[in-house]
Amino acid sequence: GAVVSQHPSRVICKSGTSVKIECRSLDFQATTMFWYRQFPKQSLMLMATSNEGSKATYEQGVEKDKFLINHASLTLSTLTVTSAHPEDSSFYICSADRPPLNYGYTFGSGTRLTVV
Amino acid sequence: GNSVTQMEGPVTLSEEAFLTINCTYTATGYPSLFWYVQYPGEGLQLLLKATKADDKGSNKGFEATYRKETTSFHLEKGSVQVSDSAVYFCALLEGGGTSYGKLTFGQGTILTVHP
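Taken in sequence, the protein lines are chains P and E. For the record, in the first sequence the residue sitting at position 103 is 103 according to this note's numbering, with numbers rising by one throughout. For the record, in the second sequence the residue sitting at position 15 is 1015 according to this note's numbering, with numbers rising by one throughout.
Okay, chain P solo, but in the shape it has when bound (with noise of 0.2 Å):
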């Protein structure tokens, strides 16, 4: 159980497209959703928390207007890149939670995305 599918596995677009990346939970309803985005060799980043319902929640430093996330239910959140550029070139993996807050949260198994 406790089951999270992320997609696409891998995407390459032009500059100046838009990606959509799609996380859903498969047998459990997520209230809670979390984006996040790693580099090579280093350790995650959080980018933003999502919630079914309502408006994400982003980190300091994270352009709201780039990464746009909506959790239209309980078991989809996406992710759009919105005109990618190269530098938004990266791994990026979403969460979700399934209670008990103390289980830890199940991952996708992420997204290479590759902006050429």
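Simulated from the structure, these hints should not be mistaken for lab results. Some hints could be false.
Unchecked claim - Derived lysine-lysine pairs resembling DSS-like cross-links, with alpha carbons at most 30 Å apart:
1) P:Lys64 with E:Lys1077
2) E:Lys1102 with P:Lys55
3) P:Lys41 with E:Lys1077
4) P:Lys20 with P:Lys41
5) P:Lys20 with P:Lys66
6) E:Lys1102 with P:Lys41
7) P:Lys66 with E:Lys1052
8) E:Lys1060 with P:Lys41
9) P:Lys20 with E:Lys1102
10) E:Lys1052 with E:Lys1102
11) P:Lys41 with E:Lys1056
12) P:Lys14 with P:Lys55
Treat the numbers as computed from the prediction; the structure is a model and nothing was measured.
Using the hints provided, position chain E relative to the given structure of chain P.
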């Protein structure tokens, strides 16, 4: 604020060697502690957890004990295998306050096990 510090890697071991990856933390409340493992090109998988002082988390031969007096949660395995090669992250989850619900990660430790 909360923070997690892991021993720097990379760590390179021979198969069947003993593994220790140190992790210490700073937290304002009473956090839960976790070890996650990341295999190349994949997301994170929960390896083990401990929710209160003196708890021992264990899984797949790995163990870690929540030591409140030393604010540590060191990861150990008695005999590593080549398949254990991965990146290991120590993390804490604050149960209250302004950091409620947010995982704080250490910087990760790369482990490579040779046959």
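We went through each hint and held it up to the structure:
1. For a cut-off of 30 Å, the pair hint linking lysine 64 of chain P to lysine 1077 of chain E is broken: about 42 Å separates their Cα positions.
2. Restraint check for lysine 1102 of chain E and lysine 55 of chain P: satisfied, since their Cα atoms lie roughly 17 Å apart, inside the 30 Å limit.
3. The straight-line distance between the Cα atoms of lysine 41 of chain P and lysine 1077 of chain E is roughly 23 Å, inside the 30 Å bound, and the hint therefore holds.
4. For the given pair, lysine 20 of chain P sits about 24 Å from lysine 41 of chain P by alpha-carbon distance, which is consistent with the 30 Å threshold.
5. With a CA separation close to 12 Å, the supplied pair lysine 20 of chain P and lysine 66 of chain P stays within the 30 Å bound.
6. Under the criterion of a C-alpha separation no larger than 30 Å, the hint pairing lysine 1102 of chain E with lysine 41 of chain P is consistent with the structure, at around 22 Å.
7. Under the criterion of a C-alpha separation no larger than 30 Å, the hint pairing lysine 66 of chain P with lysine 1052 of chain E is inconsistent with the structure, at around 39 Å.
8. Restraint check for lysine 1060 of chain E and lysine 41 of chain P: the C-alpha separation of about 24 Å stays at or below 30 Å, so the hint holds.
9. Only pairs whose Cα atoms come within 30 Å are accepted, and lysine 20 of chain P paired with lysine 1102 of chain E is accepted, the gap being roughly 24 Å.
10. Distance check on the hinted pair: lysine 1052 of chain E and lysine 1102 of chain E sit about 17 Å apart at the alpha-carbon level, within 30 Å; holds.
11. Under the criterion of a C-alpha separation no larger than 30 Å, the hint pairing lysine 41 of chain P with lysine 1056 of chain E is consistent with the structure, at around 28 Å.
12. The suggested pairing of lysine 14 of chain P with lysine 55 of chain P holds, with an alpha-carbon distance near 28 Å, which does not exceed 30 Å.
Violated hints, in rising order: 1 and 7; the structure is consistent with all others.
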